[in-house]
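Protein chains: 2
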Amino acid sequence: MDRIPILRMGEFLLVTIQVDMHDQLALTLQDDLSEHISRYGSKGVLIDISALDIVDSFIGRMIGTISGLSKIMDAETVLVGMQPAVAITLVELGLTLPGVSTALNVERGMRLLRERVLAQ
Amino acid sequence: MDRIPILRMGEFLLVTIQVDMHDQLALTLQDDLSEHISRYGSKGVLIDISALDIVDSFIGRMIGTISGLSKIMDAETVLVGMQPAVAITLVELGLTLPGVSTALNVERGMRLLRERVLAQ
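Here the protein sequences line up with chains A and B, keeping their order. Sequential numbering from 1 applies to the first sequence in full-length UniProt numbering. Sequential numbering from 1 applies to the second sequence in full-length UniProt numbering.
Hints are computed from structural coordinates only; laboratory data are not their basis. These figures come from a predicted structure and were not determined experimentally. It is possible that some hints are incorrect.
Said to hold, decoys possible - If the Cβ cut is set under 10 angstroms, some of the chain B residues that face chain A in the computed set are: (1) 6; (2) 18; (3) 92; (4) 106.
A virtual CB, placed ideally from N, CA and C, is assigned to each residue, including glycine.
The following block holds chain A by itself, in its conformation from the complex (with noise of 0.2 angstroms):
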């Protein structure tokens, strides 16, 4: 496993977060996002962590970094699927994502970004 596969949906990228993130994963991730992103002119991003039972310092920061790449290529982007244990862990841990919105599902998120872009 070297690289996280980028899905291309209409105007969105997805990305689903499966496994443990390490350093390189991160940096490729990153990498692959803002080139779609540039090919694409894709206008949002949804990262899908409904995998994962423990989201950490890292990984809060690499989203808050991919977070505010896509910004600064015009893309939104939306975090979904978090676990209900996930996100007491991350309160109790006084962990914020700040920068970053959520949404309960992909369905909720996609709907999320529809109207983000239609505002603008």
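Using the hints provided, position chain B relative to the given structure of chain A.
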């Protein structure tokens, strides 16, 4: 990693396979998928294998089983994102995917599913 996430997108389901499959994971995926199809009345299943460098007979059989299972539950299955090297290897080894439709990427796969659902 004890289960592969299934994302619901409108009337279709999306499964992205990123990790090496083993027996228990494949069984769990079949259970989860049939449960999702039943609960949401999904009309199609997209299986994305763009992250896989190798598709062996085990994965091939699993995809065939999922396709058969979905068909019984009135849902179409489309396999998307196969890497060129994987396609070459499948043909060279004489492995076939009987009864499974394929499409180049998620977008085309979704278009194919929409056409089929409309044609019903």
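| query | Okay, which hints does this one fail, numbers in order? | reply | 3
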